[in-house]
Amino acid sequence: TQLLEQSPQFLSIQEGENLTVYCNSSSVFSSLQWYRQEPGEGPVLLVTVVTGGEVKKLKRLTFQFGDARKDSSLHITAAQPGDTGLYLCAGGEDGNKLVFGAGTILRVKS
Amino acid sequence: EPEVTQTPSHQVTQMGQEVILRCVPISNHLYFYWYRQILGQKVEFLVSFYNNEISEKSEIFDDQFSVERPDGSNFTLKIRSTKLEDSAMYFCASSDGQGWEEKLFFGSGTQLSVL
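The listed protein sequences correspond, in order, to chains A and B.
So the first sequence is numbered by our numbering: it starts at 3 and just counts up by one.
So the second sequence is numbered by our numbering: it starts at 470 and just counts up by one.
Simulated from the structure, these hints should not be mistaken for lab results.
From the three backbone atoms N, C-alpha and C, an ideal C-beta is built for every residue, glycine too.
Possibly wrong hints are sitting among the right ones.
Some chain A residues well away from chain B (every beta-carbon gap over 10 angstroms; in silico) [said to hold, decoys possible]:
#1 Pro10
#2 Gln16
#3 Glu17
#4 Gly18
#5 Asn20
#6 Gln35
#7 Thr50
#8 Lys61
#9 Thr64
#10 Ala70
#11 Asp73
#12 Gly84
#13 Lys99
#14 Leu100
#15 Arg109
Result set (DSSO-like, lysine-lysine): computed pairs, CA atoms no more than 27 angstroms apart in a straight line [stated by the list, open to error]:
#16 B/Lys511 <-> B/Lys547
#17 A/Lys58 <-> A/Lys99
#18 B/Lys552 <-> A/Lys58
#19 B/Lys526 <-> B/Lys511
#20 B/Lys526 <-> A/Lys99
#21 B/Lys511 <-> A/Lys58
#22 B/Lys552 <-> B/Lys511
#23 A/Lys59 <-> B/Lys572
#24 A/Lys58 <-> A/Lys72
#25 A/Lys111 <-> B/Lys511
#26 B/Lys552 <-> A/Lys111
#27 A/Lys72 <-> B/Lys526
#28 A/Lys99 <-> A/Lys59
#29 B/Lys511 <-> A/Lys59
#30 A/Lys58 <-> A/Lys111
#31 A/Lys99 <-> B/Lys547
#32 A/Lys59 <-> A/Lys111
#33 A/Lys61 <-> A/Lys72
#34 B/Lys572 <-> B/Lys511
#35 B/Lys572 <-> A/Lys99
#36 B/Lys552 <-> A/Lys72
#37 B/Lys547 <-> A/Lys61
#38 B/Lys572 <-> B/Lys552
#39 A/Lys72 <-> B/Lys572
#40 A/Lys58 <-> B/Lys547
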């Protein structure tokens, strides 16, 4: 069974600080996705990484896929209160069936 | 942006009763999914559906579960005889392809409470 472990589980920081969230597995995934989920809503896709070592940027968010395609990180620069939410990583062999991590709850205080 | 619509947003039922959760996927999408999230736990894959048949299902998706696309717009999940442990948020999702490059769109979920 493929598992994804996310760390930390909870993160509370001040506005303007930088942070990194990690997603690790003992299994290789052909792709890895990062989602953000607000309370009472479904997950919303932020990015998909496919190639080992790949780095993608989305404004202040930087996503990296490990060289061995077993791990990924999400780095947020100068966090803002609007970044508050649950961040989920999910891996899959294709788009058909995703394995989700437990998520990192991020709270950015103003 | 187009969205996946789920109804009802909340469903309360008695143990042993049948429930049907409804979803309207994005209109031009071809692949449909159900996931669930028990409170405090991970989002879990239940089933995927393409071309009017199940393409993959998880161990959770036992004989008590079924899916159907009764018309050109709706996609339903039926639980025949609900159990307490079926209480969860159920998410419907759709995509227009199956590869990694295809974006998966999730609905807002139906919170199912089995009493």
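### Message
Would the hint linking B/Lys526 and B/Lys511 be met if the CA-CA limit is 27 angstroms?
### Response
Given that 27 angstroms is the threshold and the Cα spacing comes to 17 angstroms, the pair holds.
### Task
Given the hint that B/Lys572 pairs with B/Lys552, test it: the Cα-Cα distance must not exceed 27 angstroms.
The given pair, whose Cα atoms are some 33 angstroms apart, is violated under the 27 angstroms limit.
### Message
Would the hint linking B/Lys511 and A/Lys59 be met if the CA-CA limit is 27 angstroms?
### Response
holds (26 angstroms)
### Query
Straight-line Cα separation of A/Lys59 and B/Lys572 no greater than 27 angstroms?
Holds, at about 17 angstroms.
### Query
Do the alpha carbons of B/Lys552 and A/Lys72 lie within 27 angstroms of each other, as the hint requires?
violated (36 angstroms)
### Message
Against the 27 angstroms threshold, does the CA-CA distance of B/Lys572 and B/Lys511 hold or violate the hint?
### Response
Since the Cα atoms of B/Lys572 and B/Lys511 sit roughly 20 angstroms apart, the hinted pair holds (cutoff 27 angstroms).
### Query
Keeping to a limit of 27 angstroms between CA atoms, is the pair of B/Lys547 and A/Lys61 held or broken?
Violated. B/Lys547 to A/Lys61 sits at ~41 angstroms, over the 27 angstroms cutoff.
#### Entry: Least C-beta distance from A/Thr64 to chain B larger than 10 angstroms
The assertion about A/Thr64 holds, with a minimum of 20 angstroms to chain B.
### Query
Are the Cα positions of B/Lys572 and A/Lys99 separated by 27 angstroms at most?
holds (13 angstroms)
### Task
Would you check whether the claim that A/Gln16 is not at the interface survives, using Cβ distances to chain B and the 10 angstroms cut-off?
Given that every Cβ of chain B is farther than 10 angstroms from that of A/Gln16, nearest at about 27 angstroms, it holds.
### Query
Does A/Leu100 sit more than 10 angstroms from chain B, CB to CB?
violated (6 angstroms)
### Task
Verify that the Cβ of A/Gln35 lies farther than 10 angstroms from every Cβ atom of chain B, and report whether the claim holds or is violated.
violated (8 angstroms)
Checked against the numbered hints above, the structure violates hints 6, 7, 13, 14, 18, 26, 36, 37, 38 and 40; every other hint is satisfied.
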